[in-house]
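Residue strings, one per chain:
Protein chains: 2
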Amino acid sequence: MSQTPPTDDAALARVLDRIDADLPAALDRLKALLRIPSISTDPAWREDCARAAEWLRGDLEGLGFAARLDATPGHPMVVAHGTAGQGPHVLFYGHYDVQPVDPLELWHRDPFDPAVEDTPAGRVIRARGAADDKGQLMTFVEACRAWIAEHGSLPVRVSILFEGEEESGSPSLVPYLKAKGDELKADLALICDTGMFDPQTPAISTMLRGLLGQEVIITGPERDLHSGMYGGAAMNPARVLARILADLHDDEGRIQVPGFYDDVPELSDELRAQWERLGFDAEAFLGAVGLKHPAGEKGRTALEMLWSRPTCEINGMTAGYTGAGFKTVLPSKASAKISFRLVGRQDPAKLRAAFQDFVRARVPADCKVEFVNHSAGPASVMATDHPAFEAARRALSDEWPREAAFVGCGGSIPIAGYFKTILGMDSLLVGFGRDDDQLHSPNEKYDLESFHKGTRSWARILAALARA
Amino acid sequence: MSQTPPTDDAALARVLDRIDADLPAALDRLKALLRIPSISTDPAWREDCARAAEWLRGDLEGLGFAARLDATPGHPMVVAHGTAGQGPHVLFYGHYDVQPVDPLELWHRDPFDPAVEDTPAGRVIRARGAADDKGQLMTFVEACRAWIAEHGSLPVRVSILFEGEEESGSPSLVPYLKAKGDELKADLALICDTGMFDPQTPAISTMLRGLLGQEVIITGPERDLHSGMYGGAAMNPARVLARILADLHDDEGRIQVPGFYDDVPELSDELRAQWERLGFDAEAFLGAVGLKHPAGEKGRTALEMLWSRPTCEINGMTAGYTGAGFKTVLPSKASAKISFRLVGRQDPAKLRAAFQDFVRARVPADCKVEFVNHSAGPASVMATDHPAFEAARRALSDEWPREAAFVGCGGSIPIAGYFKTILGMDSLLVGFGRDDDQLHSPNEKYDLESFHKGTRSWARILAALARA
Numbered sequence: 001m002s003q004t005p006p007t008d009d010a011a012l013a014r015v016l017d018r019i020d021a022d023l024p025a026a027l028d029r030l031k032a033l034l035r036i037p038s039i040s041t042d043p044a045w046r047e048d049c050a051r052a053a054e055w056l057r058g059d060l061e062g063l064g065f066a067a068r069l070d071a072t073p074g075h076p077m078v079v080a081h082g083t084a085g086q087g088p089h090v091l092f093y094g095h096y097d098v099q100p101v102d103p104l105e106l107w108h109r110d111p112f113d114p115a116v117e118d119t120p121a122g123r124v125i126r127a128r129g130a131a132d133d134k135g136q137l138m139t140f141v142e143a144c145r146a147w148i149a150e151h152g153s154l155p156v157r158v159s160i161l162f163e164g165e166e167e168s169g170s171p172s173l174v175p176y177l178k179a180k181g182d183e184l185k186a187d188l189a190l191i192c193d194t195g196m197f198d199p200q201t202p203a204i205s206t207m208l209r210g211l212l213g214q215e216v217i218i219t220g221p222e223r224d225l226h227s228g229m230y231g232g233a234a235m236n237p238a239r240v241l242a243r244i245l246a247d248l249h250d251d252e253g254r255i256q257v258p259g260f261y262d263d264v265p266e267l268s269d270e271l272r273a274q275w276e277r278l279g280f281d282a283e284a285f286l287g288a289v290g291l292k293h294p295a296g297e298k299g300r301t302a303l304e305m306l307w308s309r310p311t312c313e314i315n316g317m318t319a320g321y322t323g324a325g326f327k328t329v330l331p332s333k334a335s336a337k338i339s340f341r342l343v344g345r346q347d348p349a350k351l352r353a354a355f356q357d358f359v360r361a362r363v364p365a366d367c368k369v370e371f372v373n374h375s376a377g378p379a380s381v382m383a384t385d386h387p388a389f390e391a392a393r394r395a396l397s398d399e400w401p402r403e404a405a406f407v408g409c410g411g412s413i414p415i416a417g418y419f420k421t422i423l424g425m426d427s428l429l430v431g432f433g434r435d436d437d438q439l440h441s442p443n444e445k446y447d448l449e450s451f452h453k454g455t456r457s458w459a460r461i462l463a464a465l466a467r468a
Numbered sequence: 001m002s003q004t005p006p007t008d009d010a011a012l013a014r015v016l017d018r019i020d021a022d023l024p025a026a027l028d029r030l031k032a033l034l035r036i037p038s039i040s041t042d043p044a045w046r047e048d049c050a051r052a053a054e055w056l057r058g059d060l061e062g063l064g065f066a067a068r069l070d071a072t073p074g075h076p077m078v079v080a081h082g083t084a085g086q087g088p089h090v091l092f093y094g095h096y097d098v099q100p101v102d103p104l105e106l107w108h109r110d111p112f113d114p115a116v117e118d119t120p121a122g123r124v125i126r127a128r129g130a131a132d133d134k135g136q137l138m139t140f141v142e143a144c145r146a147w148i149a150e151h152g153s154l155p156v157r158v159s160i161l162f163e164g165e166e167e168s169g170s171p172s173l174v175p176y177l178k179a180k181g182d183e184l185k186a187d188l189a190l191i192c193d194t195g196m197f198d199p200q201t202p203a204i205s206t207m208l209r210g211l212l213g214q215e216v217i218i219t220g221p222e223r224d225l226h227s228g229m230y231g232g233a234a235m236n237p238a239r240v241l242a243r244i245l246a247d248l249h250d251d252e253g254r255i256q257v258p259g260f261y262d263d264v265p266e267l268s269d270e271l272r273a274q275w276e277r278l279g280f281d282a283e284a285f286l287g288a289v290g291l292k293h294p295a296g297e298k299g300r301t302a303l304e305m306l307w308s309r310p311t312c313e314i315n316g317m318t319a320g321y322t323g324a325g326f327k328t329v330l331p332s333k334a335s336a337k338i339s340f341r342l343v344g345r346q347d348p349a350k351l352r353a354a355f356q357d358f359v360r361a362r363v364p365a366d367c368k369v370e371f372v373n374h375s376a377g378p379a380s381v382m383a384t385d386h387p388a389f390e391a392a393r394r395a396l397s398d399e400w401p402r403e404a405a406f407v408g409c410g411g412s413i414p415i416a417g418y419f420k421t422i423l424g425m426d427s428l429l430v431g432f433g434r435d436d437d438q439l440h441s442p443n444e445k446y447d448l449e450s451f452h453k454g455t456r457s458w459a460r461i462l463a464a465l466a467r468a
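Those protein sequences? They're chains A and B, same order as listed.
So the first sequence is numbered by this note's numbering: it starts at 1 and just counts up by one.
So the second sequence is numbered by this note's numbering: it starts at 1 and just counts up by one.
Extracted from the complex, chain A is given alone in its bound form (with noise of 0.2 Å):
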């Protein structure tokens, strides 16, 4: 067993040389493991996925992890062990699967031929997964890879755990967490999937909103009518869902299912002091998709709309003819699917009931209505009062030109779920990416910047829970 090496400030400043020395070699490897098309959602790219696991698994194991791979019905999970005996110990997760490439026509170039590009906003990387996960999951990789190679081993018992189906709807993951869960619980989860705040502004996130999706179909005549033949008389479902949809929100945009706001905190004041100093531009935010005001909640900030309020969307609607010209159809059903993100505390399986109930009283004797349940998660919030998180925040705040944020984060991250729910453990949520990367979407990149000043911000976080 190692020796945990020496955590001041002068054995981190070795270590962040090394990483500076070390760029150019770190930015092949990233390169290497970016020409592996680990697609996960296509089967057709299966055998790239399970060669994406091979690549790290073998890095790991070259930087003297116990590194392995767990087969799952879908791809595998690379799980490694570092070999540090002392102080705190953290489980790192990323993802090594990438999204499809379509519409390749979008791209300007290959998007497994990765490549450092100069553009007016600085250099980056250019690829799929560039971004999403690969480059950030790489840049925890070479932090450890610098403390081994200045120190001979790591400051804190580091496990890693990678999965290979994020972008799939990680359906092997909870099976995989529920019987590997002696071996995986750590005292933190580490997880590298996030933006920073600003391109100065790094943040942890610290509140995710949880999801429920729920279809309702509402089915009037058992067949689609002539509206000449039967208008007026005959009951029209997609008048019905209208009537639903719109009783949703009430004329300050607040949800109007009871007790939807039962379990939803108010911000602390510290907290919302902490938002109003990173000065959220709400003005360029939604100028960017050509929008002007926040259309939730009356009386909210754009900010808290985003990151600490909970929403009721409509995603999709449908009823009767849609196609070009027109039909005078009166349509048999009509059906919308809805989405609400959650915060607080609010209780995924109690709001699908209310949600139901409230659809159900709106439902005219002539109509029925059926429910189709699609995922449901809970908000995570976690307990910033663990010191590792001021710890975090003041190691971040030493690499960047801004103090780090403890943020919010609009968007579901299932696996921080997952962690608290069947590991029993937070999540310290940092990441690199900026709201440009182009996640998803042709021409992904990954700033040069977050590659390099985020494998040094790891390393100074790995100090920092050292000594926290």
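In case anyone wonders, no lab produced these hints; they're calculated from the structure.
The reader is advised that the hints may include incorrect statements.
To be verified - Incomplete in silico selection of chain A near chain B, CB under 7 Å:
| no. | residue |
| --- | --- |
| 1 | HIS226 |
| 2 | ALA233 |
| 3 | ALA242 |
| 4 | ALA246 |
| 5 | LEU291 |
| 6 | ALA295 |
| 7 | LEU306 |
| 8 | GLU313 |
| 9 | THR318 |
| 10 | SER339 |
| 11 | ARG341 |
| 12 | GLY344 |
| 13 | GLY410 |
Stated by the list, open to error - Here are the simulated PhoX-like cross-link-like pairs (lysine-lysine), alpha carbons at most 25 Å apart as the crow flies:
| no. | chain 1 | residue 1 | chain 2 | residue 2 |
| --- | --- | --- | --- | --- |
| 14 | A | LYS292 | B | LYS368 |
| 15 | A | LYS368 | B | LYS453 |
| 16 | A | LYS333 | B | LYS292 |
| 17 | B | LYS350 | B | LYS327 |
| 18 | A | LYS453 | A | LYS185 |
| 19 | A | LYS333 | B | LYS327 |
| 20 | A | LYS333 | B | LYS333 |
| 21 | B | LYS420 | B | LYS178 |
| 22 | A | LYS453 | A | LYS31 |
| 23 | A | LYS368 | B | LYS298 |
| 24 | A | LYS292 | B | LYS333 |
| 25 | B | LYS453 | B | LYS31 |
| 26 | A | LYS333 | B | LYS298 |
| 27 | B | LYS327 | A | LYS350 |
| 28 | A | LYS333 | A | LYS368 |
| 29 | B | LYS420 | B | LYS180 |
| 30 | B | LYS368 | A | LYS298 |
| 31 | B | LYS333 | A | LYS298 |
Stated by the list, open to error - Not everything, but these chain B residues come out facing chain A in the computed CB check (under 8 Å):
| no. | residue |
| --- | --- |
| 32 | GLY152 |
| 33 | SER153 |
| 34 | GLY290 |
| 35 | HIS293 |
| 36 | GLY296 |
| 37 | GLY299 |
| 38 | ARG309 |
| 39 | GLU313 |
| 40 | GLY320 |
In this text, a Cβ means the ideal position worked out from N, Cα and C, and glycines have one as well.
We have chain A; now place chain B onto it with these hints.
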């Protein structure tokens, strides 16, 4: 020029006998027409529309009509003039185009492979267009065929106009009627595109609702967004649209567009009494499509809702992701197709403007709205004191088990309005459809009895008009 044939009972009896004997051949002709997929709304079927027109032209020419096709910017008009030189002049109208067939998977046979099927309610001809309108228009053609075969010519002067754009809003019709008014104007129009009051009771439709079709497209963000990243802060156009659609009716079922009821007359006591005598079975009418409760304005009978009250129906709506599964998209656009059935002197142009104002008043600052104007035609109310109406009513009553009735019609037959306003002639609307014909729906059919006795009915009406 042919001799005008005798129109006494014996002459008519010979024609009716010939119709009976010729039924199998008549059915074969109808099937040949039904095999042509003349869907007018979709450019993919343009050639087939032309084929259907040519089929009809050729058939009429074979009967001795001077028949031709007139090109239009859309599908051609079939126009034909019979050879009889005496008596009143009638213009018969029908349409050879049909509705689209989707959803195709709900048909139990190929919609364009017609067949006679035995059903518990009798024998039917099953195909798209069997009732609307190919089967109906062929009842008139077959009646002419029998008169000509038996007596060498027709008892009245007959012109024929078959349109190919009725199911797509008849964009070429008005300019065509204006250009050809002198040629097409007759004493009376005959239109076969309506139904029986019930399977025993033939009907002459003397009140037709008008139609106003309108598409509304609401745009919010410039592109589809991720509902996690933007949900709550970005305006969702589906939510805006749902509120507009929900606002269209109040809780009493009345339409909320300002001024909507200004030109809607109350029924006369006389007509109300006539309609009450019909003994309309609202329960059976709605029960046939799985419904129980008249859904229109409170305090109105179902027959009023269908024949003499205006309506507003959502014919189609769509937004966001409507495929299988779930996608957390915040859509950029949401759209609906809405139609109004008009009565009395409601003005389509005035109501279109009022509706657009109603929508604009409900579009928030961050959304924009576009309108696509679809067809618009006022209601038609016939002058039933014209002696032809009573003569036709008696002729129909001779053919069917029960006395024929003057009825209203929930659908819109804009052609009747155009004949009145452009050519200055009333329309005698007689048709043999039944409520369960599945017009515009999968598995459309026309009863063999409708086809057979319908042909006999026109043979009788032609004689009656000659004697009126």
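Structure-based check of all given hints:
At about 5 Å, the closest approach between the beta carbon of HIS226/A and any beta carbon in chain B falls short of 7 Å, and the interface hint on this residue holds. With its C-beta approaching chain B no nearer than about 4 Å, ALA233/A sits inside the 7 Å limit, and its interface hint holds. For ALA242/A, the shortest C-beta to C-beta distance to chain B is roughly 4 Å, which falls under 7 Å, so the interface hint holds. For ALA246/A, the shortest C-beta to C-beta distance to chain B is roughly 3 Å, which falls under 7 Å, so the interface hint holds.
A least Cβ separation of about 5 Å between LEU291/A and chain B falls short of the 7 Å threshold, and the interface hint therefore holds. At its closest, the beta carbon of ALA295/A sits 4 Å from a beta carbon of chain B; the interface hint therefore holds under the 7 Å criterion. Proximity of LEU306/A to chain B holds as hinted, the smallest CB-CB distance being about 5 Å (cut-off 7 Å). For the restraint placing GLU313/A at the interface with chain B, the shortest Cβ-Cβ distance is roughly 5 Å, inside the 7 Å limit, so the hint holds.
Hint on THR318/A holds. Least Cβ distance to chain B is approximately 4 Å, under the 7 Å limit. The beta carbon of SER339/A is positioned within 7 Å of a beta carbon in chain B (closest approach about 6 Å), and the interface hint is therefore held. A distance limit of 7 Å between C-beta atoms decides the matter here; for ARG341/A the minimum to chain B is near 5 Å, and the interface restraint holds. Nearest Cβ of chain B to the Cβ of GLY344/A: about 14 Å, over the 7 Å cut. The hint is violated.
Interface restraint check for GLY410/A: the shortest CB-CB distance to chain B comes to about 5 Å, inside 7 Å, so the restraint holds. Taking the CA atoms of LYS292/A and LYS368/B, the gap is near 12 Å; set against the 25 Å cutoff, the hint holds. A distance of roughly 40 Å separates the Cα atoms of LYS368/A and LYS453/B; the hinted pair therefore is violated under the 25 Å criterion. Between the alpha carbons of LYS333/A and LYS292/B the distance comes to roughly 17 Å, so the proposed pair stays at or under 25 Å and holds.
Between LYS350/B and LYS327/B the alpha-carbon distance is near 41 Å, which puts this suggested pair outside the 25 Å criterion. For the hint linking LYS453/A to LYS185/A, the alpha-carbon distance of about 28 Å lies beyond 25 Å, and the restraint is violated. For the given pair, LYS333/A sits about 20 Å from LYS327/B by alpha-carbon distance, which is consistent with the 25 Å threshold. Among the hinted pairs, LYS333/A with LYS333/B is consistent with the structure: their alpha-carbon atoms are about 21 Å apart, no more than 25 Å.
Using a Cα cut-off of 25 Å, the hinted pair LYS420/B and LYS178/B holds, with the two alpha carbons roughly 12 Å apart. Distance restraint check for LYS453/A and LYS31/A: the Cα-Cα separation of roughly 17 Å lies within the 25 Å cut-off, and the hinted pair is therefore satisfied. With a C-alpha separation of about 21 Å, the suggested pair LYS368/A and LYS298/B falls inside the 25 Å cut-off, and the hint holds. For a cut-off of 25 Å, the pair hint linking LYS292/A to LYS333/B stands: about 17 Å separates their Cα positions.
For the suggested pair LYS453/B and LYS31/B, the alpha carbons sit about 18 Å apart, so the restraint of at most 25 Å is met. Under the criterion of a C-alpha separation no larger than 25 Å, the hint pairing LYS333/A with LYS298/B is consistent with the structure, at around 23 Å. Note on LYS327/B and LYS350/A: the hinted pairing holds, with a Cα-Cα distance of about 22 Å set against a maximum of 25 Å. Of the supplied pair hints, the one linking LYS333/A and LYS368/A holds, its CA atoms being roughly 10 Å apart against a limit of 25 Å.
For the given pair, LYS420/B sits about 15 Å from LYS180/B by alpha-carbon distance, which is consistent with the 25 Å threshold. For the suggested pair LYS368/B and LYS298/A, the alpha carbons sit about 21 Å apart, so the restraint of at most 25 Å is met. Using a Cα cut-off of 25 Å, the hinted pair LYS333/B and LYS298/A holds, with the two alpha carbons roughly 23 Å apart. Checking GLY152/B against chain A by beta carbon gives a least distance of about 40 Å; that is not within 8 Å, so the hint is violated.
The criterion of a C-beta within 8 Å of any C-beta in chain A is not met by SER153/B, whose closest approach is roughly 37 Å, and the hint is violated. At a threshold of 8 Å, the smallest CB-CB gap from GLY290/B to chain A is about 4 Å, leaving the interface hint in force. Hint status for HIS293/B relative to chain A: holds, with the closest Cβ pair at about 5 Å, below 8 Å. This hint holds: GLY296/B has a C-beta 4 Å from the nearest C-beta of chain A, less than the 8 Å allowed.
Checking GLY299/B against chain A by beta carbon gives a least distance of about 13 Å; that is not within 8 Å, so the hint is violated. About 6 Å separates the beta-carbon of ARG309/B from the nearest beta-carbon of chain A, less than 8 Å, and the hint is met. Checking GLU313/B against chain A: minimum C-beta separation of about 5 Å stays under 8 Å; hint holds. For GLY320/B, the interface hint holds, since its Cβ comes within 8 Å of a Cβ in chain A; the closest pair sits about 4 Å apart.
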